[in-house]
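In case you want the letters, here they are:
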Amino acid sequence: MARSWYITTGVALLLGLSCAASAVERFPPPEFETGYELPSPTTPAPPHDAYEYVDAAVLLAALGVSSYLVLKMRSRRAIFALTVFSLLYFGFWRKGCVCPIGAIQNVVLSISDPSYAVPVVVALFFLLPLIFTLFFGRVFCAGVCPLGAIQDLVLLRPVSVPNWLENALRLLAYVYLGGAILFAATGSAFIICQYDPFVAFFRLSGNLNILVLGSSLLLISVFIGRPYCRFLCPYGVILRQLSRLSKWKVTITPDECVHCRLCEDSCPFGAIREPTADWSLRDYVIGKKRLAFLMVLLPVLILAGGWAGSKMKNVTARMHRTVRLAERVYLEDAGQAEGTTDASSAFRATGKPTEELYAEASDIRARLERGGWLFGGFVGLVIGLQLIGLSVRRQRTDYEADRASCLACGRCFEYCPKEHARRKNSRKMV
Amino acid sequence: MAKDEHALTRRHFLRDSVWGTCLAGLGALTGVLIGKFRRTDTVWQIDPYTCVACGNCATYCVLEESAVKCVHASAICGYCRICFGFFGPEPVDINEGAENQLCPTGAIKRKFVEDPYYEYTIDESLCIGCGKCVKGCNTFGNGSLFLQVRHDRCLNCNECSIAAACPSGAFKRVPADQPYLLKRVDHA
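Residue numbers (my numbering), protein chains in the order written: chain A, 1 to 430; chain B, 1001 to 1188.
Everything labelled a hint here was simulated from the structure, so no lab data went into it.
Only a predicted model underlies this, so the values are computations on that prediction, with no experimental measurement involved.
There may be inaccurate statements among the hints.
[As the list claims (entries may be wrong)] Straight line, CA to CA, 30 Å or less: simulated DSS-like cross-link-like pairs of lysine-lysine:
(1) A:Lys249 with A:Lys418
(2) B:Lys1183 with B:Lys1172
(3) B:Lys1172 with A:Lys313
(4) A:Lys352 with B:Lys1172
(5) B:Lys1172 with A:Lys95
[To be verified] Have a look at the derived ranges for each label pair, beta carbon to beta carbon:
(6) A:Pro353 with B:Val1113: 43 to 53 Å
(7) A:Leu291 with B:Leu1014: 17 to 27 Å
(8) B:Leu1014 with A:Ser75: 29 to 39 Å
Glycine included, C-beta positions come from ideal geometry on N, C-alpha and C.
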């Protein structure tokens, strides 16, 4: 018995090696005499598209409600309720996907790759919050984003972050955005989705790295208000810029500011700016000189950033599987690597010439080098503009929410004595 | 005072024009996206003729129990008595005993049809998508066992984690109205 088995195995092995991995009819399908019917594989359908349109409709409605709550009703409690709803619906029910943050990559890929079309719902998820921000400020961040919501709910002991640290950490988000666009445009990877810290919680499953990343961010969120939104979120930095221009914005007090500073204490995101003192002539002259210097520095920073970015191509190219594969195949052919990997043996089984693979890889490298120039230049530009922004003096007579940083959470409303007076009055009126 | 008011309007004018530009930019982007509009959405699927059954499907899926399962195209199957997708390399005996099976979870059911043919079916509730049987069947048999993304389980992530880890590039986005790439008898 055992002997015949080995012979069978040996014959089969030889057969197998001669034509590995291809589907050939080594054993012709039998013709049954007993009326046996062949079972056919089942093909359960994917969830219907209609659910996605429901998601888009819910997003539109939530953005509308959020705008009303932030700008008209001015109620922290109502915004909080909307936050909980969004966390449950977009987070735990829809499992955090599609989200506008990740949609950046789909939009970029669909622009750079003619064969890729972005699904309608993903495009809506990307565009709707941007349009709402242009009109009403960051109402998406306030009560609709599930990633913001999960951090906001655990914020129990807010500690303020020093200004210099806040400004420095924010640069991370721009770098993240630039990197996400670079890798999406070259078809290397969707890094925003790969490193989404909270999606593992929404799905209630995930690998160790993501769970550790997510839990540590949540732990930090207990003390530092919404760290992902402020320091990492790549969509947040787009919303920041659009929010500067918004038609309507969050006003802390409905009336005249009494300079009580209560709102400043209430804001866990350091988004409230105090009134500015008058500038002495000496400060003014120094400030003007500094600004002129920074203006000259800006193009230098852009060029330096671009140059450094283009030099990173050897590192960034590794993100692309074709480049990784080409490197591996080259090492194997040159005898510098022992054995084969799954990828290299799969490539060799296709019988594609290695020259073709090398050509593809060097094309991707060249694209990443060009992209590196743009990416580095972008980072240089952001650093330069940040420095310029810090040295420009703005006139403020009252405590105001910074249009860019304000996440429209509505905490300051509850603390403003004038707001309390307004509510009392409106209740009397009723 | 009059000068101040003038400065204010200029600032407002600038701001409004930048605002308008942004809105127009978003409009243009919408136009570009509509230009590439495609009616059907896409879902992830494995091309069974490119798949090398490396085993990543079992471990890289974001779901704890992978959305990828083994599928059996009976029309290609040889109904072998000794199935290399079912039996381990050195089975103690040719029967359904657990010690003889290749599948780590015993998800393949072997049933006698008529002499000398046996039917093999997949119990999807047990299958973990490791592809061990697929490898066996591809190497020694007709290759009728293959892996597919099961869309009753798949979350259709924006970027599939398994696709990112797939060594042969077998994962692709396919139209949602034709969500399976099944092996066929007439495949060249």
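Evaluation of the provided hints:
1. A:Lys249 with A:Lys418: holds (18 Å)
2. B:Lys1183 with B:Lys1172: holds (16 Å)
3. B:Lys1172 with A:Lys313: Since the Cα atoms of Lys1172 of chain B and Lys313 of chain A sit roughly 26 Å apart, the hinted pair holds (cutoff 30 Å).
4. A:Lys352 with B:Lys1172: holds (19 Å)
5. B:Lys1172 with A:Lys95: Holds, at about 22 Å.
6. A:Pro353 with B:Val1113: 43 to 53 Å: Between Pro353 of chain A and Val1113 of chain B, where Cβ atoms are some 45 Å apart, the hint holds.
7. A:Leu291 with B:Leu1014: 17 to 27 Å: holds (18 Å)
8. B:Leu1014 with A:Ser75: 29 to 39 Å: holds (34 Å)
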